[in-house]
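Undergrad: Spelled out, the chains give:
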Amino acid sequence: MDIDASEGSSVAAWQCVDVIDNAHKRTVRSVAFEPTQGRTLATASFDGTTAIWEKGDETYECVATLEGHDNEAKCVAWAASGQLLATCGRDKSVWIWESNGEGDFDCVSVLMEHTQDVKMVLWHPKQELLVSFSYDDTIRVWREDDDDWVSAATITGHKSTVWGGAFSPQGDYLASVSDDRTVRVWTQHTAGNAAAAGSDDGFYYRPDTTYKCVAVVPDSVHTRAIYSVSWASSPPTSGDAGGSSTALADLGYLATGCGDNSLRVFGVARQAEESTSGDLDVVLVCTQENAHGLSDINCVQWNPVYPGWLATSGDDGIIRIWHLDAMT
Amino acid sequence: MPRKKTDKFVVLRDNEVVTHLVPGLFPAGRQSEWTEQNRTITFALHPLSTRVAIAVAGKQPSECLSKKTPVFEQDQVVHVCGMAALPDERLPFVNDTHAVFAALQGIMEAAGGEAAGELVAVGIDGLLRMSALYREAMLRQVRVLQEAGAPSEFIVSEIETFQSMHAVWHLLEIIYLTTNMPGLSISIVPHFMEWLNLNFPAPSSEDGQRIVDSLGTESLALNTDLWPYLKKLALRGHVATLANMLERVAPAQELSSSAARWARDIARVARDMPLGSNEETSGSFNARWRRWNEELQNTVSAIDSLISGGKQPEANDAELESLYAIADVMRGNADAISAESKSWQDMLGAILLYSEPTSQADRLPSLAGIMVEQFQASEFSVLDRALVALLNHELPEFLVYCNQIDTWLSAHISDLMDHISILDMCRATFAVDPREHYLLALGESYLSHENLWRVGLDYLGLIGSQAGNSVMEEYAMRIPLESDTKAQQVLRMCDKFKLLRAKDRIHRQLGRQKWQRGRLGAAISHFAQVSDRRAVGQICDQLWDEYLATGELSYGPTIDGVMASGLRHDRLQFLTKYRDFHECYKVGEFADAGKILLHILLSEIAPPYAIADLLVDAIPLLEGDELVFDSDATFELMRCAETLLTQPPPASGTVDQGEMSIFSVACARNLARSFLV
Numbered sequence: 001m002d003i004d005a006s007e008g009s010s011v012a013a014w015q016c017v018d019v020i021d022n023a024h025k026r027t028v029r030s031v032a033f034e035p036t037q038g039r040t041l042a043t044a045s046f047d048g049t050t051a052i053w054e055k056g057d058e059t060y061e062c063v064a065t066l067e068g069h070d071n072e073a074k075c076v077a078w079a080a081s082g083q084l085l086a087t088c089g090r091d092k093s094v095w096i097w098e099s100n101g102e103g104d105f106d107c108v109s110v111l112m113e114h115t116q117d118v119k120m121v122l123w124h125p126k127q128e129l130l131v132s133f134s135y136d137d138t139i140r141v142w143r144e145d146d147d148d149w150v151s152a153a154t155i156t157g158h159k160s161t162v163w164g165g166a167f168s169p170q171g172d173y174l175a176s177v178s179d180d181r182t183v184r185v186w187t188q189h190t191a192g193n194a195a196a197a198g199s200d201d202g203f204y205y206r207p208d209t210t211y212k213c214v215a216v217v218p219d220s221v222h223t224r225a226i227y228s229v230s231w232a233s234s235p236p237t238s239g240d241a242g243g244s245s246t247a248l249a250d251l252g253y254l255a256t257g258c259g260d261n262s263l264r265v266f267g268v269a270r271q272a273e274e275s276t277s278g279d280l281d282v283v284l285v286c287t288q289e290n291a292h293g294l295s296d297i298n299c300v301q302w303n304p305v306y307p308g309w310l311a312t313s314g315d316d317g318i319i320r321i322w323h324l325d326a327m328t
Numbered sequence: 001m002p003r004k005k006t007d008k009f010v011v012l013r014d015n016e017v018v019t020h021l022v023p024g025l026f027p028a029g030r031q032s033e034w035t036e037q038n039r040t041i042t043f044a045l046h047p048l049s050t051r052v053a054i055a056v057a058g059k060q061p062s063e064c065l066s067k068k069t070p071v072f073e074q075d076q077v078v079h080v081c082g083m084a085a086l087p088d089e090r091l092p093f094v095n096d097t098h099a100v101f102a103a104l105q106g107i108m109e110a111a112g113g114e115a116a117g118e119l120v121a122v123g124i125d126g127l128l129r130m131s132a133l134y135r136e137a138m139l140r141q142v143r144v145l146q147e148a149g150a151p152s153e154f155i156v157s158e159i160e161t162f163q164s165m166h167a168v169w170h171l172l173e174i175i176y177l178t179t180n181m182p183g184l185s186i187s188i189v190p191h192f193m194e195w196l197n198l199n200f201p202a203p204s205s206e207d208g209q210r211i212v213d214s215l216g217t218e219s220l221a222l223n224t225d226l227w228p229y230l231k232k233l234a235l236r237g238h239v240a241t242l243a244n245m246l247e248r249v250a251p252a253q254e255l256s257s258s259a260a261r262w263a264r265d266i267a268r269v270a271r272d273m274p275l276g277s278n279e280e281t282s283g284s285f286n287a288r289w290r291r292w293n294e295e296l297q298n299t300v301s302a303i304d305s306l307i308s309g310g311k312q313p314e315a316n317d318a319e320l321e322s323l324y325a326i327a328d329v330m331r332g333n334a335d336a337i338s339a340e341s342k343s344w345q346d347m348l349g350a351i352l353l354y355s356e357p358t359s360q361a362d363r364l365p366s367l368a369g370i371m372v373e374q375f376q377a378s379e380f381s382v383l384d385r386a387l388v389a390l391l392n393h394e395l396p397e398f399l400v401y402c403n404q405i406d407t408w409l410s411a412h413i414s415d416l417m418d419h420i421s422i423l424d425m426c427r428a429t430f431a432v433d434p435r436e437h438y439l440l441a442l443g444e445s446y447l448s449h450e451n452l453w454r455v456g457l458d459y460l461g462l463i464g465s466q467a468g469n470s471v472m473e474e475y476a477m478r479i480p481l482e483s484d485t486k487a488q489q490v491l492r493m494c495d496k497f498k499l500l501r502a503k504d505r506i507h508r509q510l511g512r513q514k515w516q517r518g519r520l521g522a523a524i525s526h527f528a529q530v531s532d533r534r535a536v537g538q539i540c541d542q543l544w545d546e547y548l549a550t551g552e553l554s555y556g557p558t559i560d561g562v563m564a565s566g567l568r569h570d571r572l573q574f575l576t577k578y579r580d581f582h583e584c585y586k587v588g589e590f591a592d593a594g595k596i597l598l599h600i601l602l603s604e605i606a607p608p609y610a611i612a613d614l615l616v617d618a619i620p621l622l623e624g625d626e627l628v629f630d631s632d633a634t635f636e637l638m639r640c641a642e643t644l645l646t647q648p649p650p651a652s653g654t655v656d657q658g659e660m661s662i663f664s665v666a667c668a669r670n671l672a673r674s675f676l677v
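Protein chains in written order, with UniProt numbering: chain W, 1 to 328; chain G, 1 to 677.
Relax, there's no trap hidden among the hints.
In the SDA-like style, the derived pairs of lysine to any residue whose C-alpha atoms are separated by at most 20 Å in a straight line are: (1) LYS577/G / LEU520/G; (2) LYS59/G / ASN290/W; (3) LYS126/W / LEU500/G.
None of these hints come from the bench; they were simulated from the model.
My request is simple: use the sequences and hints to build the entire structure.
TA: Below, the structure is given as C-alpha cells:
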C-alpha cells in the first residue's frame, strides 16, 4: 500500500467559502455537520455551550444555543437520523438533545455515569445507540429506554484515558483508542452463542448482551497516546476480481492519529474460517511518519463518499488530505 | 493468507496543493508558540465531503489554563472551506456537452452489445459526428465569452482554456478519426493545415486588413508589414490570397522591374498549386505536384542567380530577397521554412504542405520530433506539450497534459479515446483506469455545484464502473432534499441507476420527516416502499390512539391513499376494516357492521390493545332492536372476551371491568334472543 500526500492529478484547490465569526467566547473544541442535509453545523466550545448554525442563502446563522454543561464541552456528535445530538464535557456528563424540527433543541437526557471527564461521544451509524469515551478509562454504551436514556453497558479493558473511537462501516464493531497506546476492537457477545457474535444486529443492545474485545493492536506499535481513529470500507479496486488486498481487509481500513506524529493505516479482516472465536485480524499496512512534521495528529477522518481519501489535522495547524493507493 | 510488509513511502511535496486561510490562524513560522498557547486545529467533513469546517481547538482542559492565557479572536472563528466551484459561465457548456456525452454512451452501448466500444460497430463517422458536436460546443463557448464585453482576467483565461481544449480535441479528431477511415488511405496534410489555420490563425485578419487598406496609397513602400505578411501567407499555404496580393503589389512604383516580374511569376505559380481531390488518383496528383515543385525550383534558382550575381540593383533588392524567401518556402526548403517559422506548428505545417503533401498520420511522430528539436522545448506551454505528446502518439503523457489544461478535457477525451479503442495502452501505464479516474473527478466537481447534481450523478452512473456507482450511491444518500420535487427527482435517479441502498435511506428519511410533521399517510407510503413493517405498524398505532383520544374517526382518507399502493399490512387492514365498520354503523346498516366487526376479531388482524375496544363496540349491536349476531357469532364474541381476560394485562391493554361486565350481560341476552328466532 502507498499513501501519497497529493490532491491527485486534478489541480483544483480548496477555498474558504464561509466564515462564522464569534462562534463562542472561548476556543471552539469540536465541530460537526448534520449528516442528512449538511446544512446545519454544530460547534461545541470551551465555554460549555454548543451552538447550532444553519446555512441560509448567504451565510451561516446561529439558530440555537444549547447550554447546560458546567464547563467546557469537549465533543458534539449528530445521530445518523439528524434528529438527535449528543454533547459531552469535562463535567463528566453526556447530554442528549432532540431536534423538534423547527431549529430548536430540547434536552432529552443528562447522563452522569462517567467518573471523569468525557472526551468524545459517537453515535452508531444505523441505530439510536450512543457511545462515550472517557478519562476514567471506560467506554459506555447508552440506549433509549421508554423516552429516557440509560447506560446499557460499560466496556472496560483500556488501561488509560480512552480518547475516542469509530464504528465499522456496517456498525457491527467498535474500535477505540487510548492513552495506553492500544487500539481495541469490540463487538457484542451474546452468552452461549458464539456464532451470533457479529450477526445482523451487530452492536445492538439486547438484555443478555455483553461486549467483548476481538482484537488489540499492541502498545508496541504506537509509541505515544493515540488521539483519533476512523474506520472506512476498503475502496473497490477497479477491475480487480477480489484479489489478496481485499481479503486482507474485508472489514475495511482503520486509520489512527497519534502523539508520536505518525499516521497509520491498518487492514481489518475476519480470521480464517476455522476460528470460531469471532476474533479479527488487525494488520498494519502503512505508516506515514511525521505526517504533520513534529506535531501530534489530533484528528483523522476517512472521506465518507470517496473511498481511499483521508483527512488529518495536526498541532502544526495544518489539515492534510491523503490518498491511499493500492499498489498492484 | 500472505501478509504484506509495511512500506515506507515518499511524500511528493511538489504535487501538494496548499490553501492558506485568510485571515490566518497564527503568524507564519510560529507554530511552536501556537502549541504553547494551547491551540491546535480541528475539522469536520461535510457529509457530502465537498466541504470541511475548520476551527481552532484547545489541547489542555480549560481548568489547566491560567486566567492569563489569552483568548484570540481567531479562536472564535469557524472557517468552512470547499473545492472551488464551477463558474456559472460554464453552465451552458456543461449542459450541452453532457447531452453529447450521454448520447455517445448510448449509441456505443446500443451498437456494441458486449463489445461496446468496437470501432467497426458504430462506424467512425458516428464518432466523428459526436466529436464535431463537442467541438461546436467549445467554439460556441469561446464566441459567447468573446462577446462578453470588457474581458476580465477570468474571461481571458477561460477563452484561452477553451481555445486550447479545442486545439487539442481537433488534432486528435483528425489523426484518429478523420484520416482513420478503414480501407482508405487519407492524407493528413490538408486536414493538418485546416487544423493549424483554424486554431492558430496567422497572419491575423487585422494585419491583412491594414495592408489591404494601404495598397494603392503612397504608404505601400513604407509599409514594413507587407513582406512579413506575404511570407506568412506563403508559410500557411494561403496561396490564393498570396497570389492576389502579389498581383496588386507588382505594379507599385517602388518595386524594381525584376521584383515586379518575379512577383507576377510567383503569383502565377501560387495559383497553380495542385490541390488533391477524391477523384484524382495519387499517381496523377503526385505527377502534377512534382511538376509544380520543379517550376518553383527553377524560380528559386533564377532569383538566386539574380541576387548573387552581384549586379545592382538586384543585389540589394530587399523585395527581391523576400520573393526569393517566399519561393524557397513554397518549394519545401526546410531551412527557409525554419527561418520564417515562429512556432513548431508553423514549421510542421509548411514542411508537410510543401515537401510531403500526401503524408499520412503515421509520418507525424518523426516529423514532430525534428520540429521540436529546433524550438526551445523548455519554454513550451502545457498546450504545446499536449499537442506534441499527441503527435508522438505518447498517449499517457498526452492525458496528463490534458488534465492540466482542464478537467473537462481529460474526462471527455479519455472517454472518446476509449470508444476509438486507443485508451488501452494508457491503462497499462496508469495505476488506475484513466477514463474512470477523470470522469469521477469531473462528476465530483459537478456535484459540488448546486444546480448540477443531476448532471454529476449522471456522469458517475455512465462511467459504468463499480467505483463510480459506489460514489454515486454515497452521494445520493446525502443530497439535501429541500423539497418534495427534488426528493422525487433523486428517487428517480436512484431507480435509473438501481441505487437500492440510497433509495432505502431516502425513503426512511422522508418517512421520518413526514411522520414528525404529522403527514402520516405520506409517512406510511415511504416506509411501505422499503417494507419497514415496524414503522408502518407504529404509525397505525398512532392513528388508532388519536382516534381513541378524539373519538372521531378521521384517518380514513389518510389510509385510503396508502391502501391504493397495495401494501399488505395487518394494521392497515385493521384500520381500513374498522373504518368500514364505522361507516356501516353510521348509516344504520347494523347487520353489515356486525359482520365486519366479527370478521376483524376472527381474522386476528386486530392489535391486542384494541380488542377490548372492539368488544365494547359490539355492545350496542348486541342490545339493539335488530338481531345482528346469531348464536354462533355470539359464542365467538364471548370466546374473544374470555381469551382477552385470561391474558396477562399488558398484552391486552387496559380492560375496563365495568364495560366487560356490560358486554357479558349483553352477550347473554343476545344469546337468549337468538335462540328464540
